[in-house]
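Novice: Listed below, chain by chain, are the residues.
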Amino acid sequence: MFESLTDKLSKAMKSLRGEARLTEKNIEDALREVRMALLEADVHVQVARSFLQRVKEKALTQGEDGKGVSVLQGLNPAQQFIDIVYQELTEVMGGVAPEKPLDFASKPPTVVMMAGLQGAGKTTTCGKLAKFLKKNGHSPLLVPADVYRPAAIEQLHVVAKDAGVPSFRTDERDPVKICTLAVDEARAKGWDVVILDTAGRLHLDEALMEELARIKAVCEPTEIFFVADAMTGQDAVRSASAFHEKLAITGVILTKADGDTRGGAAFSVKHVTGKPIKFVGSGEKLDDFERFHPDRMAQRILGMGDVLTLIEHAKEKIDEKEAEAMAQRLAKNQFTLDDMLGQMRQVAKLGSMQKILGLLPGMGQIKDQIAQVATDKRMKHLEAILTSMTPKERRNHAILDAKRKRRIAAGSGRPVHEVNQLLKQFLEMKKMMGQMNDPRFMKRMKAMAGKMPGGMPGLPF
Amino acid sequence: MGFLSGLVGKFKQGLQRTQDLVLAPMQRLLGMGRLDEDQLLELEDLLLQADLGVHATERLMERLRFEMRRSAEIDPKALLKDELLKILHHVPSRPFAAEGTQVVLLVGVNGVGKTTTLGKLAAHLKGRNEEVLVVAGDTFRAAAIDQLELWGQRAGVEVVRNQMGGDPAAIAYDGAARAQAKHIPWVLIDTAGRLHVKEHLMRELDKIRRSLQKVIPQAPHRVLLVLDATTGQNGLNQAEAFKEAAGVTDLVLTKLDGSAKGGVVVPILERLKLPIAFVGVGEQVDDLIPFDPEAFVEGLLG
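Chains as they are written, first to last, in our numbering: chain C, 2 to 462; chain D, 971 to 1272.
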């Protein structure tokens, strides 16, 4: 599916190349493809529709004169549109993550309540969150309030032990009372966070939903997390909104994100509840738990890793400032080995050579040819040689005598003749740079770097 | 099967909530003799909301459009039903008949309800007076063994277990050997939930298979992939990976009593041609019933 998407967009590219702005017509194909991508990622149909409608309006009414976004050089309208979708998706999913991962009560203990459907992973998540908090200097208490599923309580005790945190033990069988007693105990014993593991339930189950509301009423949790399985389909909207209506959740924890699901449920849940996704569970171990990154999730949902990467490249990863500084140095004909290293790293920033070549439509065939000459491996070797030099040597190549070259060769693990070869290439470059003693040259080079890796004049790679 | 009686009612009961929630508009649309473009799009949205996926939905819509070009009046419901039943009827499920010792392995991703399904299945088989041996093969998840023990007690069947962290292949071997020696017709083996992308965990399933085959060459006779009805399009990846790694023979669709309709089984069945043996429609021990394609399609379409 990923590949076909690139193909389709390349085709669209042919007919659209050269168009300067986004118009209703030139984003038509992209709109359809993005909708497909969202649906295949399990984003809810209506969520996808209203989201795309908004993005489309934005794309067609913004820009310098309000008549549509201009198409960046190096992109076609379809790609430009996808870029807007991606930015917007990231934004809706949370933009910049909040400073603090969760809110704490002004007077401890802070009560954190977990809720969700059966099998979403609440109990495991309790253990992961407890461990996360412990690592951050808190002393959490885990509370088993799932009296329905066989052995659920035992499971939480084991998880607590693995996480190295205490769990609340009682003979009480009423979930509401268990939670109340636990909060009291935490207060008495000085545990600063109480994590309530409630029973999984269907949002349609009135009696159990009512039980959650009662736990909330008596324990006054600061955070109520809806624990959602990343593999959930369209139903995510219904369950999340039902839990939100009943409990007014404060955040979402996404589980089982280490699979190959595209995770559109995350977007649906965020969209309908408006609450931030705080954490992501991503593995079997209790440490496999991290804070949520909206941009990564947006990429995953769009499933357009390649297209997005290409867009990134087109937006020019080359550091303006650095390039400017180098241009100045060139103007004074002061090109050094340091600059050469810097330049190589600029190219490396664009990503693996082969990958870049693979991304560019029409480059597929010559990719292998070029790859033989300008391999990433060779880049690595050159870099190794350059970094094995002392800063002084890189500033002034003239001091490189046979002894120094031997040391550099040994340090980089490359033969001496490769060191010599590099020096020869450097001198050629320096000579050429002198001739092209023009600041505008860097700009041209930058443009070429985006389009034609390996095509930098005079560069040894 | 004794518990076949009244099961259609039960199935419908489980799906009723689903219908009440979202199917009213579907029924309205499907009752029309002709649909305009807006109505077609609305119907398409509803099918997508059932987790049928983009491709299956497109196919169904194509069929409707095709028929509408051919005749002035169509019966959308009958057409969609026909199309869906073709897929669902493709491979009928073999009955669970005891011949010698039958080994049944349950596999699936985390949290789909494997242990619960196994408990219900044990109770069901026991209920028709056939001996069952249950093997606590999930030695990974905390307290999974205890959970299975409790189900075993409820169903009144023997549970073979070793300690947490033990080798699931070894305990599976023990279970199969014990059942064969005691002429017990059913061995049900629980396994730890695993995401289908974890290669080393998927290889472990193969190891379990091979160790079972050392006892009974044809084992496991049935490999049930347990699938959560709330799962989206990832279900297809799950089914493909488990079929490849564990030789899945049947699907079990759980949690159909929620508001999810489990539509992802349609693309799965279309691609993999597997039967659905059972569906889970509740938390009670008798809430595991044989799959009924007609009732399921009624659920999908209202």
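A portion of the hints provided could be inaccurate.
If you anchor each label on the Cβ, the simulated ranges turn out as follows [unchecked claim]:
1) D:Glu1007 with C:Lys59: 44 to 54 Å
2) C:Asp288 with D:Arg1035: 51 to 61 Å
3) C:Tyr149 with D:Asp1137: 54 to 64 Å
4) D:Pro995 with C:Ala249: 25 to 35 Å
5) C:Gly138 with D:Pro995: 44 to 54 Å
6) D:Arg1124 with C:Lys286: 55 to 65 Å
7) D:Arg1124 with C:Ala249: 53 to 63 Å
8) C:His418 with D:Met1134: 26 to 36 Å
9) C:Ser51 with D:Gly1070: 23 to 33 Å
10) C:Asn397 with D:Glu1169: 22 to 32 Å
11) C:Lys59 with D:Arg1124: 49 to 59 Å
12) D:Asp1137 with C:Asp259: 56 to 66 Å
Simulated from the structure, these hints should not be mistaken for laboratory data.
Glycine is no exception: its CB is placed at the ideal position from the N, C-alpha and C atoms.
Novice: Would you mind marking each hint as holding or not holding in the structure?
Specialist: Each hint, compared with the structure:
1. Roughly 26 Å separates the CB atoms of Glu1007 (chain D) and Lys59 (chain C), a value that falls outside the hinted 44 to 54 Å.
2. Distance hint for Asp288 (chain C) and Arg1035 (chain D): a CB-CB separation of about 52 Å, consistent with the stated range 51 to 61 Å.
3. At roughly 31 Å, the beta carbons of Tyr149 (chain C) and Asp1137 (chain D) sit outside the given window of 54 to 64 Å.
4. Between Pro995 (chain D) and Ala249 (chain C) the beta carbon distance is about 28 Å. The supplied range of 25 to 35 Å therefore holds.
5. The supplied range of 44 to 54 Å is met by Gly138 (chain C) and Pro995 (chain D), whose beta-carbon atoms lie about 52 Å from each other.
6. Between Arg1124 (chain D) and Lys286 (chain C) the Cβ separation comes to about 32 Å, which falls outside the hinted range of 55 to 65 Å.
7. Between Arg1124 (chain D) and Ala249 (chain C), the C-beta spacing of about 37 Å breaks the proposed range 53 to 63 Å.
8. Evaluation of the 26 to 36 Å hint for His418 (chain C) and Met1134 (chain D) yields a failure: the beta carbon distance comes to about 60 Å.
9. Ser51 (chain C) and Gly1070 (chain D) have their C-beta atoms about 58 Å apart, which leaves the hinted 23 to 33 Å range violated.
10. For the pair Asn397 (chain C) and Glu1169 (chain D), the beta carbons lie near 52 Å from each other, so the given range of 22 to 32 Å is not met.
11. Checked against the hint of 49 to 59 Å, the pair Lys59 (chain C) and Arg1124 (chain D) passes, with Cβ atoms roughly 57 Å apart.
12. In this structure the supplied range 56 to 66 Å is violated for Asp1137 (chain D) paired with Asp259 (chain C), their Cβ-Cβ distance being about 24 Å.
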